[in-house]
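Number of protein chains: 2
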Amino acid sequence: MTLQEYSDLFLPAIEKALQTAVFESMDAPRFDGLREMIAYHLGWEGEGSGPGAQGKRIRPQLLLLCSAAAGGDWRDALQSAAAVELIHNFSLIHDDIEDRSETRHGRLTVWAKWGGAQAVNTGDAMFALAFQTLARTSVTLPADQVLSAINILQNACFELTQGQFLDISYETSRTIPFADYWAMVGGKTAALLAGCAQIGGLVGGAEEARQQAFYRFGYSLGLAFQAQDDALGIWGDVALLGKSTESDLMNGKKTLPVVFALEQGGEFSRRWLAGPIRQDEVAPLAELLRHEGAEDYTLAEAKRLTQAALQALDQAAENRGAGAALRELAQRLLRRGY
Amino acid sequence: MTLQEYSDLFLPAIEKALQTAVFESMDAPRFDGLREMIAYHLGWEGEGSGPGAQGKRIRPQLLLLCSAAAGGDWRDALQSAAAVELIHNFSLIHDDIEDRSETRHGRLTVWAKWGGAQAVNTGDAMFALAFQTLARTSVTLPADQVLSAINILQNACFELTQGQFLDISYETSRTIPFADYWAMVGGKTAALLAGCAQIGGLVGGAEEARQQAFYRFGYSLGLAFQAQDDALGIWGDVALLGKSTESDLMNGKKTLPVVFALEQGGEFSRRWLAGPIRQDEVAPLAELLRHEGAEDYTLAEAKRLTQAALQALDQAAENRGAGAALRELAQRLLRRGY
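Taken in order, these protein sequences are the chains called P and H. When the first sequence is numbered by the working numbering, its final residue is 338 and no position is left out of the sequence of numbers. When the second sequence is numbered by the working numbering, its final residue is 338 and no position is left out of the sequence of numbers.
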């Protein structure tokens, strides 16, 4: 099967598992309002609901593919898949509060619609719900494996908060040391993808060493994705137009090309440290950044990390069909063009 | 041993287990700031730190006592005890954000000191840390028991968020239906105490039926505590003085006596529904509320719930010494005078 065929198979099943997890846990009418906020955020209810509001469900798909690639039946991994998507969405609800983002997928965010108090609490409810859902896999899996899965996801959550801590801490700063950049994106992006891949491997029957290979696959994939995303945020078509919210340069985002240039200490670095970038500077500064080698460096990093991911995948995957689909997924990241 | 002697034994051990959980999880210097916020909130560091800033550690003490009462060695339950205290404190950090409370134990709250973004994230980090800590008990306990403990605590967390949802939802309302009042305090106060008691029983070696008795003990104890607290908030000495922040009547808090009187629909109810209570009305309205039977009702409920707790304890406890200390703890709640 191709990646697309897997997706077509997985997506309705993921949605159903998510809905079971959410709706079965809150059947008392007095909690309708809490359920409503969760269902709204997940794109099922309210204004603008529908597939476009549901996100791409990348993490549960990755988990299911890894479980199939480990030689398991992906259906056995559906509850774990729902759990990781709940964790991802708990973190989005809290991120939106922390970043004061008022829209997501073109809709009001939970805090913008219901206020910060309900939004903080709704995120917490989804956090708890995620682990309840994961713990329910104990019906099909032995206790020590469920416990391992819980441990993996809990560690990913903790790394997520560590990455977020760095992100918030550096918000008012124009610089970030290289090592802290990697720790930040490692926590914010790679840790959960790595956890998804490892849990997929675990539930699919991979032994410890292969589980670790799945973990490395997910982690490298996450970093590669971030590097590519950072390049797109500066040299992508939309970014270069310099529309206020779409260029990472104007937003002062400390992305990999910028961190690289700051380390070089050249002309871009001097301009960056002097203060916010104006709209008319976006195109020339992107060109300067390219001239200083930041684009080559970033794309090379994305490529290197993708290679590392594919190498780990070779050690991890057993089922050739699902393995090929995962390979396709990894390579598609690099093809996301400018 | 008396309750006091148990406390003297437990408290330093709880503090040490908590510190191990927090400090061992974050040894990289880049996360010092995150560790600092947690250590500040737990009363170990920063302005005003010390025993007075640490809270009473009621939940871990309850857990340890129950584990001893179940016939176990309380030292084996120390990591679980640290985990429940971390959960309690995660919820306090988020509650303070949701209620916009600027001080706790006479010190600035985390959000008031570091801003809402860091505070939301620090609460999340403690949530994840709590389950990491609990999962570490797998060194001494079989996997299925650790999984049970995780399940119990996760359910308590979910109920906590459900209770909090009701609390926030009714914030702008002068009334709350009786059933929702009990669901709210059940979630906010009783669920975690019940979880502590049950995990203590589980770790102490109690079989399923006795674990359930421990759960009922903790749940009834929590509701009894809340009823007594609600009475104190209206007829307690400090409350009657009507100092702005200390009378539940002036704060518009929907406590058990008020919910009872609203159900009666008498004179108090009419005044309450008409709008906020002024300071000079506090004493006469407290007297009116008493006249309408709300004090008798509330104290009778506190007594009934304490009896239910003690009855459950009789079915649960095996070790007479620790059982007697738990009995002392329950009865002390009722003696908290006006």
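There may be inaccurate statements among the hints.
[Claimed, not checked] Stretches of chain H that chain P covers, calculated by requiring three or more beta carbons in the stretch to come under 8 Å of a beta carbon on chain P:
1. 19-33
2. 52-61
3. 161-170
[Said to hold, decoys possible] The calculated DSS-like cross-link candidates involving lysine-lysine, where the alpha carbons are at most 27 Å apart (straight line), are:
4. Lys-16/P / Lys-113/P
5. Lys-253/P / Lys-303/P
6. Lys-303/H / Lys-113/H
7. Lys-253/H / Lys-113/P
8. Lys-56/H / Lys-16/H
9. Lys-113/H / Lys-253/P
Honestly, the hints are just simulated from the structure, not real lab data. Model, not experiment: these values are computed from the prediction. The beta-carbon is built from N, C-alpha and C at its ideal position, and this holds for glycine as well.
Flag every earlier hint the structure violates by its number, smallest first. Numbers 2 and 6 - these are the hints that the structure violates, sorted from lowest upward.
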